[in-house]
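A.B. asks: Sequence:
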Amino acid sequence: MRKCLTCALLVIAVAVGCRKPVEEIHSTDAVLTAEAVDISTTSDDWPVWRGTFGDNVANSVLPPLEWSSTKNVLWRTDVPGSGHATPIVCGDRVFVATADTAQETMSLLCYDRANGQRLWEREVHRGGFMHTHQKNSHASPTPACDGQRVFTVFTVHDALVVSAIDLDGEILWKTEAGPFASQHGYGSSPVLFESLVIVSGDNRGPGYLAALHRETGEIVWRVQRGNRPSYSTPVIANVAGRSQLLISGQDQVTSYDPATGALLWKTDGPASTTANTMAWNDELVFASGGYPQNGVMAIRAETGEVVWKNDERGYVPSPLAMDDRLLVVQDAGIALCLDAESGKTLWKQRLGGNFSASPTLVGEHVFITDETGRTIVFKVTPKFEKVAENDLEDGGFASPVICGGRLYLRTSQYLYCIAEAIEVADETGAE
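Sequential numbering from 996 applies to the sequence shown in our numbering.
The set of hints was computed from the structure by calculation and includes no laboratory data. Values in this document were obtained by computation on a predicted structure and should not be read as measured data. Any given hint could turn out to be false.
[Said to hold, decoys possible] Cross-link-like lysine-lysine pairs, in silico, DSBU-like; alpha carbons within 35 Å at most:
#, residue 1, residue 2
1, K1261, K1169
2, K1378, K1169
3, K1304, K1339
4, K1339, K1381
5, K1378, K1339
6, K1066, K1378
7, K1343, K1378
8, K1015, K1261
9, K1066, K1339
10, K1066, K1015
11, K1066, K1130
12, K1261, K1130
13, K1130, K1374
14, K1130, K1378
15, K1378, K1015
16, K1130, K1169
17, K1304, K1381
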């Protein structure tokens, strides 16, 4: 009996990811660690997940507040395959990650920003699909662009593989950042800092954070994390007088030095599993989750001290910091506006529908898209004020992207560019 029990426990341990931790890497090579590779993007670009500064705040004039599948559409173009990755905009190009489940291919698509014409499609991987949650995809991570290269992250044969592709679609390098084991797939996007592209490998394997040199693909640093699956994208926040690499998950909120991977501080987090990106203001950072616990919390950015915490659920959509307020959109379609300093609820509004995309802020207007393709535009102060509601033909999970006065929306079948009617004209290569 005792022997059987021991065997059963061993099987359970293996099933939940009783694996050897990844080797930590701390490079001392001056060539690798130097701040030598420029990031050549502009304020008219949206080059990474949640925009240039990772806060989902658009440095742009206001795009149209109303549209449909025909109204205020500058162009619409097909997106083959499927995926939840948000489009990125860099220079005169728009990039989208996609996957073909029948062929088991993972690819990067490139479109002309002016007219939506597809310029090229690059197959990055073939085969090696892992099991995913029904609301995940094989192309959920949003690519990142430094103006010269586009970086993708896919899971291939139980490994996390980072790739660099040039602007003409040629693959420059591929690097395995580490092993990856998950029942629900992968969802974290790469972020850029100085010469590095940084990825999260949180999984049941156990997990890690890894930073690769953008020019060579060599791993500059890699640090160990826990063995609980989580899906959050890290973010680089310039807060409390320095750059901090922030990530939630693993029952913690953690801050690292993005240049070296050194731990700055950590504190108990809102949940074991989180799936969104943290937000911040001048002094506080904000995290929300999750599974199996619920909670939204504020933490002192300098020390890691918890300032307040509530039991509201903010799981997949990322919170949005707006000066002295914090906006949380729940998966089930309830929007909360909180006082950032105290956590007090200023207002609560039912939006209806289910949400996986994150809210995007332009001036005083918030754009948020639900899973059916319905986008609500509203203002947040002093109370909820609905401005517009717009429907497209099909749904999706990607967040709204706003730059250069235009709105880019990825649905399950199409990529839309929404612009003022004066700009709208028939363009070669777009519908």
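A.B. asks: Each of the hints needs a verdict: does it hold here or not?
C.D. replies: Hints, one by one, checked against the model:
| no. | hint | result |
| --- | --- | --- |
| 1 | K1261 <-> K1169 | 31 Å, holds |
| 2 | K1378 <-> K1169 | 48 Å, violated |
| 3 | K1304 <-> K1339 | 10 Å, holds |
| 4 | K1339 <-> K1381 | 22 Å, holds |
| 5 | K1378 <-> K1339 | 14 Å, holds |
| 6 | K1066 <-> K1378 | 29 Å, holds |
| 7 | K1343 <-> K1378 | 9 Å, holds |
| 8 | K1015 <-> K1261 | 23 Å, holds |
| 9 | K1066 <-> K1339 | 40 Å, violated |
| 10 | K1066 <-> K1015 | 55 Å, violated |
| 11 | K1066 <-> K1130 | 29 Å, holds |
| 12 | K1261 <-> K1130 | 30 Å, holds |
| 13 | K1130 <-> K1374 | 29 Å, holds |
| 14 | K1130 <-> K1378 | 32 Å, holds |
| 15 | K1378 <-> K1015 | 51 Å, violated |
| 16 | K1130 <-> K1169 | 27 Å, holds |
| 17 | K1304 <-> K1381 | 28 Å, holds |
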